[in-house]
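Chains F and D: place on chain V using the hints.
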Amino acid sequence: MRTAEKVIFEYSRPGRGASDQWPPETPAAATADLPASLRRARRPLLPEVGELEAVRHFTRLSQLNFSIDTHFYPLGSCTMKYNPKACNQYAMLPEFLGRHPLAPESHGQGFLACLFELQEMLKEVTGMQAVALSPMAGAHGEFAGVAMIRAYHRARGDLARNEIIVPEAAHGTNPATATMCGCTVREIPVDAQGDIDLQALRAAVGPNTAGIMLTNPSTLGVFERRIEEVARIVHAAGGLLYYDGANLNAILGKVRPGDMGFDVIHMNLHKTFSTPHGGGGPGAGAVGVAARLQPFLPIPVVGREPPGESGAAPRYRWLTEKDLPQSIGRLSGFMGNAGVLLRAYVYMRMLGREGMSRVGEYATLNANYLLARLRQAGFDAAYPQRRASHEFIITLRRQARDLGVTAMDFAKRLLDLGFHAPTTYFPLLVPECLLIEPTETESRDVLDAFVAAMVQIQNEAEQEPERVTGAPHTMPVRRLDDVRAAKQLDLRWKPTA
Amino acid sequence: MAFIPHTPADVEAMLAAIGVPDIQALFDEIPASLRVKSLQGVPTEMNEMQIGRLMSERARADGRPLCFIGAGAYEHHIPAAVWAITTRGEFYSAYTPYQAEASQGTLQLIYEYQTMMASLTGMEVSNASLYDGASAVAEACLMAVRANRKSKSMRILVPRTVNPHYRKVAAATAGNQGLRFEEVAYAPDTGCTALEVLQKCAAGDDITAVVIQQPNFFGQLEDVDAITDWAHARGTFVIASVNPTSLALLKPPGEWGTKGADIVVGEGQPLGVPLSSGGPYFGFMTTRMEYVRQMPGRIAGRTVDLSGRPGFTLTLQAREQHIRRAKATSNICTNQGLLMTAATIYLSLMGPVGLERTAAASHAQTRELVAAITTGKGVRRAFSGPFFHESVLLLDRPVAPVLATLASRGILGGLELSEHYPELGHALLVCATETKTQADIDSYVAALADVMQKARAA
Amino acid sequence: MSNVPADLRYTRSHEWIRNLPDGTVEIGITDHAQHALGDLVFVEVPEAGRSLKAGEASAVVESVKAASDVYSPLSGEVTAGNPRLATEPEAVNTDPYGNGWLMRMRPAAGSATEGLMSADDYLKFLETEGG
Chain V
1 MRTAEKVIFE
11 YSRPGRGASD
21 QWPPETPAAA
31 TADLPASLRR
41 ARRPLLPEVG
51 ELEAVRHFTR
61 LSQLNFSIDT
71 HFYPLGSCTM
81 KYNPKACNQY
91 AMLPEFLGRH
101 PLAPESHGQG
111 FLACLFELQE
121 MLKEVTGMQA
131 VALSPMAGAH
141 GEFAGVAMIR
151 AYHRARGDLA
161 RNEIIVPEAA
171 HGTNPATATM
181 CGCTVREIPV
191 DAQGDIDLQA
201 LRAAVGPNTA
211 GIMLTNPSTL
221 GVFERRIEEV
231 ARIVHAAGGL
241 LYYDGANLNA
251 ILGKVRPGDM
261 GFDVIHMNLH
271 KTFSTPHGGG
281 GPGAGAVGVA
291 ARLQPFLPIP
301 VVGREPPGES
311 GAAPRYRWLT
321 EKDLPQSIGR
331 LSGFMGNAGV
341 LLRAYVYMRM
351 LGREGMSRVG
361 EYATLNANYL
371 LARLRQAGFD
381 AAYPQRRASH
391 EFIITLRRQA
401 RDLGVTAMDF
411 AKRLLDLGFH
421 APTTYFPLLV
431 PECLLIEPTE
441 TESRDVLDAF
451 VAAMVQIQNE
461 AEQEPERVTG
471 APHTMPVRRL
481 DDVRAAKQLD
491 LRWKPTA
Chain F
1001 MAFIPHTPAD
1011 VEAMLAAIGV
1021 PDIQALFDEI
1031 PASLRVKSLQ
1041 GVPTEMNEMQ
1051 IGRLMSERAR
1061 ADGRPLCFIG
1071 AGAYEHHIPA
1081 AVWAITTRGE
1091 FYSAYTPYQA
1101 EASQGTLQLI
1111 YEYQTMMASL
1121 TGMEVSNASL
1131 YDGASAVAEA
1141 CLMAVRANRK
1151 SKSMRILVPR
1161 TVNPHYRKVA
1171 AATAGNQGLR
1181 FEEVAYAPDT
1191 GCTALEVLQK
1201 CAAGDDITAV
1211 VIQQPNFFGQ
1221 LEDVDAITDW
1231 AHARGTFVIA
1241 SVNPTSLALL
1251 KPPGEWGTKG
1261 ADIVVGEGQP
1271 LGVPLSSGGP
1281 YFGFMTTRME
1291 YVRQMPGRIA
1301 GRTVDLSGRP
1311 GFTLTLQARE
1321 QHIRRAKATS
1331 NICTNQGLLM
1341 TAATIYLSLM
1351 GPVGLERTAA
1361 ASHAQTRELV
1371 AAITTGKGVR
1381 RAFSGPFFHE
1391 SVLLLDRPVA
1401 PVLATLASRG
1411 ILGGLELSEH
1421 YPELGHALLV
1431 CATETKTQAD
1441 IDSYVAALAD
1451 VMQKARAA
Chain D
2001 MSNVPADLRY
2011 TRSHEWIRNL
2021 PDGTVEIGIT
2031 DHAQHALGDL
2041 VFVEVPEAGR
2051 SLKAGEASAV
2061 VESVKAASDV
2071 YSPLSGEVTA
2081 GNPRLATEPE
2091 AVNTDPYGNG
2101 WLMRMRPAAG
2111 SATEGLMSAD
2121 DYLKFLETEG
2131 G
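Chains as they are written, first to last, in this note's numbering: chain V, 1 to 497; chain F, 1001 to 1458; chain D, 2001 to 2131.
Hints are computed from structural coordinates only; laboratory data are not their basis.
Mixed in with the good hints, there may be bad ones.
Stated by the list, open to error - Short derived list, chain V residues pointing at chain F, Cβ under 10 Å:
{"no.": "1", "residue": "R225"}
{"no.": "2", "residue": "S332"}
{"no.": "3", "residue": "A421"}
No experiment lies behind these values; they were computed from the predicted model shown.
Even for Gly, the Cβ is constructed at its ideal location relative to N, Cα and C.
Bound conformation, chain V alone:
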């Protein structure tokens, strides 16, 4: 792995630049109509480097990263499966890439057909009645979902319903989203088996309940076995069920949230449907709803005109506020992350109905195999009596107590051994945990190699613990001083002179 790279400004030389990329200089007269008082006086600080310098710099930066293309990346609840190159190539066909969002529908039927069919496929695999594609990330989809729940209750005059129930193991976006929607949050406990405490749930629901936000399988990596009972309890109290689709990979093609009783779901297309994580995004948080929430969907949604004479091709168009007057509104400047949606479409078409079920099956097979091998190697599962879903939790509480080596230390040492660490310290309920999700695109060899690495680290922890507690040793940097980063804020490069 390469070691370090200067900040690009350190390569700048006055007068350098990729000048063949620039338009020719415009005569001053052409901009003379811009008022002097509104003109920029000093040039902005941007790099002055040639094209090869820029290419080298950013290529070298890329080589400092771990990625799915280079490393096994078992981050729990992130679903780091292979991002097929075909998805990128076909989403970036020049006609799709060059189309203006406000181009007329007459010049977008190909694009709209892809999006409409994506809506239909997502409906089918989730068991929901309608889908909207515009939310731009999972958290954004969550916002749409909770906003729709709130809008539903208000439309029925049920103004007291402002409380969202969230299991204590939930992802942080869940309570944050509830607050953003003007709701209050009520946390309920999870029992030792990893299921929701039904007694606590019965006590928590009432006339103020707007709904409950759940992930199934849960963030603990186990299937909420009494989900039908949970749905009954919440519905009987007048609340709605929201499904956080972060863990949809576990059940894709095997179980459908709509069949479990959920009223609204969001899907993470950048997880389950393999669109790229891109170093932090873009994602797409499509939402699906049961019939009673359909009027509230965020716009725009793709609609299809009924075909006229036989033989005429279907005509696709955008449905807007006029078609959905009770919509929660527009959440995106245009229609969401269109390019991401096209990638998800290509992926789903390649999988087809046959491939969808294989996702859930092989993701679960890989997770259970990895869990079995790690337990055989002496590691402690957090929920040993449960099947893994597509992910599972190993707790290193014993190692922390007996050897002074923590989950964080294991994670850092895994980097030296060529594996990206699993998710650490989430969910907060399990001390010293590693949440491990292999995904279905990894081979048995990779999983075996990961087990071997964990065994090696365990041995090191017992025999020379500093090797682990001081890790990583071979990465471009060692552990970083977070405290200094937050206290001595250095958030932009400044020229020294």
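Quick look at chains F and D alone, frame taken from chain V:
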């Protein structure tokens, strides 16, 4: 099996290690009543050759008309290197840089991006991106409510010259948290927001923030200095929503008025991101150092490692959803990292000179287009006063049929404004960037004249 | 082992209160709390003149892993926020009961420290609930 590498021998060995007879046994915790029987609604699988053909057909059907639409998404030349590097697997398939030691590439790139955006906007600090320009305005309003300690009203003044979609997104996003958005009319002659009108809307009351878009949705240039000073004199925050390319020529919001804007946001798409039917794009946000803890989204900072070597890490994470939970500054988790990457590479290739030339050429081409069109019959400019690289034209007949005919000839003539601004009459928003040649402009002008002449004769 | 000075009062949310001779009170967070948070990187204290109700979030303490609200144990008016913490947030870690004080306030009439926990009670509370 697409993307699944297991052979039957693998599966057999794995099932044996787990101790189950078949894969279905792994789902025994799931009630049988819930298990899916079939997914008939999903079409059968396709291999790469087949899907490639289908996508090519659909793309061909959409074609590549000549585009003169702006309205928040702008066609600029994107150097080939930008996406060649951005789609490298190490950037494309990397995760959020939570494990800093394994993500120094992404983290350093964010740091460089933050530097460029802070400078471009004339502010002190930037975040690592938001979803898009529209949601960035919503987030800025929420941030103003948190940061403006002198104000309790949560009232935000939003001129009608702010992009109509942005106004809708702000209301949909922040309306549930008690913010009140109040529209401010524009002057019909200049298409700009007049200070007297702002003053009347505000009356003597507590206003938390005012949003100013520059150039505004009509392409007109607002009196940003006067409005900024007016706002600050009465304890109102200034949220600037700006076009990043324009900032190569126009004064950045950090230099508006005496004190500069408080929060700056905008749509980053013009910086190396293709039009791609509206997304993925990215929103940018910059602000003063004193408000950094109120800013949503991720931030990268430079620090040192155990050996004293410089390195980069996400910082100020305690504000974010995964720690603060219900009290987070926002619920944003995934942002638009890949697009921010493209923008950073774009800005590095363009540099200060290239960006300035792009801005100047775009403005020049729009001026050329407007001048040529308005010599013809039945078309005139809607507003007087300075504009930047977009302008509103008034036609002597309904716009929609004209645009439809132009489209059938392979020209997208602009955006009709009757939906959002019916009071303007037959109004058309046109834009030309540096990608339009003289020949392109000539063909548009000729086609428009021809279409209008035929309509007149009919 | 947590340091719990005997002459102070305590709350269940790990704030301490000291009665000052001039009738005002001084408030901070306990040794247990600073330890749980880790190295503080930022502290936000209320401005002098601000009125607070008992239970209202009045200050924020931020480490790399958490940002927590500090709740006012009493109702009253803030007379001062600790200016040292703007540049030295770590004073809360190194000297939580001394230089790391967060704010001083004049309690409202009727708002008293008697209802708060004694040092013994707080110690018992830490043992049972763990905080």
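Quick rundown of the hints versus the structure:
At about 6 Å, the closest approach between the beta carbon of V:R225 and any beta carbon in chain F falls short of 10 Å, and the interface hint on this residue holds. Proximity of V:S332 to chain F holds as hinted, the smallest CB-CB distance being about 6 Å (cut-off 10 Å). Look at V:A421: its Cβ gets to within about 6 Å of chain F, closer than 10 Å, so that hint holds up.
Going through the hint list in order, the structure satisfies each hint without exception.
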